[in-house]
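Residue numbers (the numbering used here), protein chains in the order written: chain A, 1 to 203; chain B, 1 to 203.
Rather than coming from a laboratory, the hints here were simulated on the basis of the structure.
Any given hint might turn out to be false.
Repeated chains share a single entry, so a pair holds when one copy, or any two copies, can fit it.
[What the hints assert, rightly or not] Cut-off 25 Å, straight-line C-alpha distance, at most; resulting in silico cross-link-like pairs (DMTMM-like, lysine to aspartate or glutamate):
| no. | residue 1 | residue 2 |
| --- | --- | --- |
| 1 | 123 | 107 |
| 2 | 26 | 7 |
| 3 | 54 | 7 |
| 4 | 152 | 177 |
| 5 | 175 | 9 |
| 6 | 175 | 156 |
| 7 | 135 | 177 |
| 8 | 201 | 149 |
| 9 | 59 | 38 |
| 10 | 175 | 197 |
| 11 | 59 | 197 |
| 12 | 82 | 25 |
| 13 | 183 | 38 |
| 14 | 13 | 56 |
| 15 | 82 | 14 |
| 16 | 13 | 177 |
| 17 | 39 | 107 |
| 18 | 191 | 138 |
| 19 | 152 | 186 |
| 20 | 147 | 107 |
| 21 | 6 | 167 |
| 22 | 199 | 143 |
| 23 | 26 | 67 |
Note that the coordinates shown come from a computational prediction; the quantities given were computed from them, not determined experimentally.
Single-letter residue listing:
There are 2 protein chains.
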Amino acid sequence: MGRISKDPELRRKEFIETADKLFREKGFDQTSVSDITDKIGLSHGSLFYYFPSKNELMKAVIYNRLDHGMQFINNIAADPDKNALQKINAILNLLINSYDTKDTLIDFFQNDSNAALHREFTKRSRELVIPLFSKIFEQGVREGLFKIEYPKETIEYLNYIIENLVESITSSQNKNEYYRKIKALEIIIAKSLGVPEDKMKLL
Amino acid sequence: MGRISKDPELRRKEFIETADKLFREKGFDQTSVSDITDKIGLSHGSLFYYFPSKNELMKAVIYNRLDHGMQFINNIAADPDKNALQKINAILNLLINSYDTKDTLIDFFQNDSNAALHREFTKRSRELVIPLFSKIFEQGVREGLFKIEYPKETIEYLNYIIENLVESITSSQNKNEYYRKIKALEIIIAKSLGVPEDKMKLL
Numbered sequence: 001m002g003r004i005s006k007d008p009e010l011r012r013k014e015f016i017e018t019a020d021k022l023f024r025e026k027g028f029d030q031t032s033v034s035d036i037t038d039k040i041g042l043s044h045g046s047l048f049y050y051f052p053s054k055n056e057l058m059k060a061v062i063y064n065r066l067d068h069g070m071q072f073i074n075n076i077a078a079d080p081d082k083n084a085l086q087k088i089n090a091i092l093n094l095l096i097n098s099y100d101t102k103d104t105l106i107d108f109f110q111n112d113s114n115a116a117l118h119r120e121f122t123k124r125s126r127e128l129v130i131p132l133f134s135k136i137f138e139q140g141v142r143e144g145l146f147k148i149e150y151p152k153e154t155i156e157y158l159n160y161i162i163e164n165l166v167e168s169i170t171s172s173q174n175k176n177e178y179y180r181k182i183k184a185l186e187i188i189i190a191k192s193l194g195v196p197e198d199k200m201k202l203l
Numbered sequence: 001m002g003r004i005s006k007d008p009e010l011r012r013k014e015f016i017e018t019a020d021k022l023f024r025e026k027g028f029d030q031t032s033v034s035d036i037t038d039k040i041g042l043s044h045g046s047l048f049y050y051f052p053s054k055n056e057l058m059k060a061v062i063y064n065r066l067d068h069g070m071q072f073i074n075n076i077a078a079d080p081d082k083n084a085l086q087k088i089n090a091i092l093n094l095l096i097n098s099y100d101t102k103d104t105l106i107d108f109f110q111n112d113s114n115a116a117l118h119r120e121f122t123k124r125s126r127e128l129v130i131p132l133f134s135k136i137f138e139q140g141v142r143e144g145l146f147k148i149e150y151p152k153e154t155i156e157y158l159n160y161i162i163e164n165l166v167e168s169i170t171s172s173q174n175k176n177e178y179y180r181k182i183k184a185l186e187i188i189i190a191k192s193l194g195v196p197e198d199k200m201k202l203l
């Protein structure tokens with residue numbers, strides 16, 4: 001059993017990635033501990049050597065997703081071939097298209113017992129995202145693309161919209177509602193940045 | 001002891017109002033059950049006849065504040081002498097000036113064990129406020145004051161800012177930060193409604 005002697009960090013990662021996949025496919029509540037350990041080829045109890053509970057494993061999965069998402073966003077923000085407007089468009093497109101109706105993250109957060117975790121996650125995302133947006137906004141002003149009188153405050157306000165965006169879009173009942181949400185987003189972002197509305201391309 | 005035979009509904013209200021006052025003055029954690037019952041002139045245990053816990057009393061206080069706030073907002077929204085722009089200005093001014101740094105509601109919500117209540121409160125406020133804003137937006141379009149292509153969606157997005165506003169303003173470190181937050185709010189609201197920025201008067 002070579003698998004048993006695997007490096008604990010690698011094993012932990014394997015648990016997170018396996019669980020992430022199963023949670024996406026089956027939902028959090030519908031995935032049992034055995035589903036996860038079976039897939040890895042370990043005994044049921046082995047999970048608890050790495051995580052105190054299935055809930056703690058879910059927490060690790062959530063922060064792993066945030067890390068992943070931030071890698072993409074960081075890459076966009078650091079791209080020397082994109083101007084600020086292209087960066088904002090790319091990041092928003094990434095966010096809009098990251099939502100997956102089969103996903104269980106929103107449902108998981110909706111559970112009252114996860115409300116504190118939801119808030120912690122929002123706070124952490126905010127701390128990671130706001131400095132990035134600040135740099136892009138500065139770039140846009142330097143490039144003469146954006147006209148923003150109060151960049152710091154505008155970022156804060158727009159971010160309240162952005163952090164509710166995936167949940168809002170996911171709640172769309174049909175294509176038309178989805179379309180209207182995206183169009184309204186294009187307009188509010190464009191107006192706030194002081195760019196023509198047709199420069200935002202989120203559809 | 002005439003007080004003992006008081007109508008239970010009136011007594012409940014007396015508990016809520018007395019507690020509200022004490023929570024504002026001393027803070028939630030710093031207010032004991034005896035502080036509340038002493039002020040009313042009842043025994044310590046009497047509180048638990050009306051509320052299962054101090055926390056449940058706090059919850060009642062919070063929803064009572066929401067009711068109060070909504071009464072003011074409803075009155076503004078129903079005022080036949082105000083146009084839509086005046087209504088939006090009046091409601092935002094009410095909200096901005098309702099914050100009180102000695103208040104403990106934000107601190108109370110910050111506590112992890114109250115995260116679910118915080119979310120429930122936000123959801124409830126949203127359900128009350130959004131239909132009101134919708135009517136005012138319709139009025140503004142009718143009056144030719146607002147130019148909004150997607151009113152429903154714009155209200156939803158602006159409301160994400162508005163529901164974070166008191167917390168954001170309260171976190172201002174000085175007058176200048178406060179000023180910038182309000183100015184940035186004036187701009188984002190004015191642009192979203194399609195009105196000149198100087199028509200928003202929040203300072």
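Exercise. So which of those numbered hints doesn't the model satisfy?
Worked result: Going through the list in order, the structure violates hints 2, 5, 11, 12, 13, 15, 16, 20, 21 and respects the others.
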